[in-house]
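Enquirer: Chain by chain, the residues:
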Amino acid sequence: MTGTLLLKDRVALVTGGGSGLGLGMATAMARHGAAVVLACRRPETGEAAAAALRDTGYDARCVRCDVTSTEDLEAAVASTVTTHGRLDCLVHNAVAPPGPPGPVEEVDLDRWEALVATSLRAVFDGARAAYPYLRAAGGSMVLMTSASGIEGSASLPAYAMVKAAQRTLAKGLAVEWGPVGIRVNCIAPLGLTGALSAACEANPVLEERLVRRTPLGRLGDPVEDVGPAAVFLASDLARYVTGQTLVVDGGGFLGL
Amino acid sequence: MEPTAGEVRTLLIGDDPLTEGLHEGLVVQGHIVATVATRPSGDRETLAAAVDAAVALLGRTDLVVHVPRRPMDPVSLVDQATADWVAACEAPMAEALAVVRACRPHLGSGSRLAWVVPTVALGGAAGFAGAAAAAEGIRSLAKGAARQWGSEGIGTAVLAVSPEVAFGPDAGGPLVATTTLADSALARPGHPVYDLAPILSLLADPASAALTGATLVADGGVWMSP
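Residue numbers (this note's numbering), protein chains in the order written: chain A, 355 to 610; chain B, 645 to 870.
Bear in mind the hints are in silico, worked out from the structure with no lab data behind them. Each residue gets a CB set at the ideal place from its N, CA and C atoms; glycine is no exception. Only true hints are included.
Restraint ranges, calculated between C-beta atoms of paired labels, are given here:
{"#": "1", "chain 1": "A", "residue 1": "463", "chain 2": "B", "residue 2": "722", "range": "25 to 31 Å"}
{"#": "2", "chain 1": "B", "residue 1": "722", "chain 2": "A", "residue 2": "453", "range": "27 to 33 Å"}
{"#": "3", "chain 1": "A", "residue 1": "552", "chain 2": "B", "residue 2": "818", "range": "46 to 52 Å"}
The following block holds chain A by itself, in its conformation from the complex (with noise of 0.2 Å):
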């Protein structure tokens, strides 16, 4: 990495970081200059990500946590502020599979439960658990949501209605902890992670509409293209940005 690190010096924890876009952000705000701590709650796919980003110099470790379990989160935060001594931004991209598409009457509710737990609930535990230490490092919060929250899905309206309720979550937050200097944006990706490669593979067409309706033309890349925005929101170049949603997806949603 040459140039400036925005990031040096400073601590973030990535849930959902051991792989897709988590380990994109992560990957990014490690070339940086953060040390990235990856929560994950399949440890041998966060340590070998974390291994990976260690032997190519950077400072990154795994913890353990399923977000579904608030103890789990809590300590996440605690390792993290026991380790580096510090949290100063909190990405939450932990979510469960949206599932098969389906009728709107019809939603799972066994898929309805993992959903807000993993997308909502999860935010809420891990908001209340980094709170004084986000406050006490002026730092921030990142919340993934998506394009489809905004315009309303006919295929997977639960997961819409998730990502929709994280957006206005974010924009709560950004309004309750503006006052003690904590920012709180989204970031609407389309990355082409390996949950939509494999999407992709097993719809040909998938890619080729998703990619039709992008000016650029092209799925993005966690890292290199992903990444960045991570990057920028926990940042000092975003120090006036809290409540905002930056849609990350080569021009493919235009209607904020």
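Using the hints provided, position chain B relative to the given structure of chain A.
Expert: Leaving out everything else, chain B in the frame of chain A:
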């Protein structure tokens, strides 16, 4: 009284003063209204049974209006217990999904399902972060349902009302002052009977059929975007 074929038959789902005001206003508009009260402990099956019974009384449903539960007192997120959070955020969204499930069999071409939520869905709100998040989730639900049901002629909509109407003047008044830049153009938040029910009545009119999935903001002219 037996409803005549030309009367709008409206199922109203909620359990608070706003719901009561809308009931009165819809009756003034000439609707035949049946109200199903929601209960904090109500499960999907109980709600579905109540909806079935109400629709049986109405004969058909032209308009369903759901007023989701919401907290009436502001509590900052870090001061909330999990139960507070669930009541503010998770329960209203689950209730909205339960309403969709219960009402879908009774919705046919030309009918509409509408929700009434506070405008804090659009901008968030200190002390009501969970409730605002839930309201925005429900707005997304209305859009998704509109996209799925449009080909069958079934519409959805959201009516976004002032925090003073949704949360009451004690909590809503200060909230308005801290969450928006603009004063109300009409200098009043909107009355459920005389201002809000007529808009819901418009949504039951076939003339509004092309409007679906949209949010109508009826807060006296505070929010004017887009």
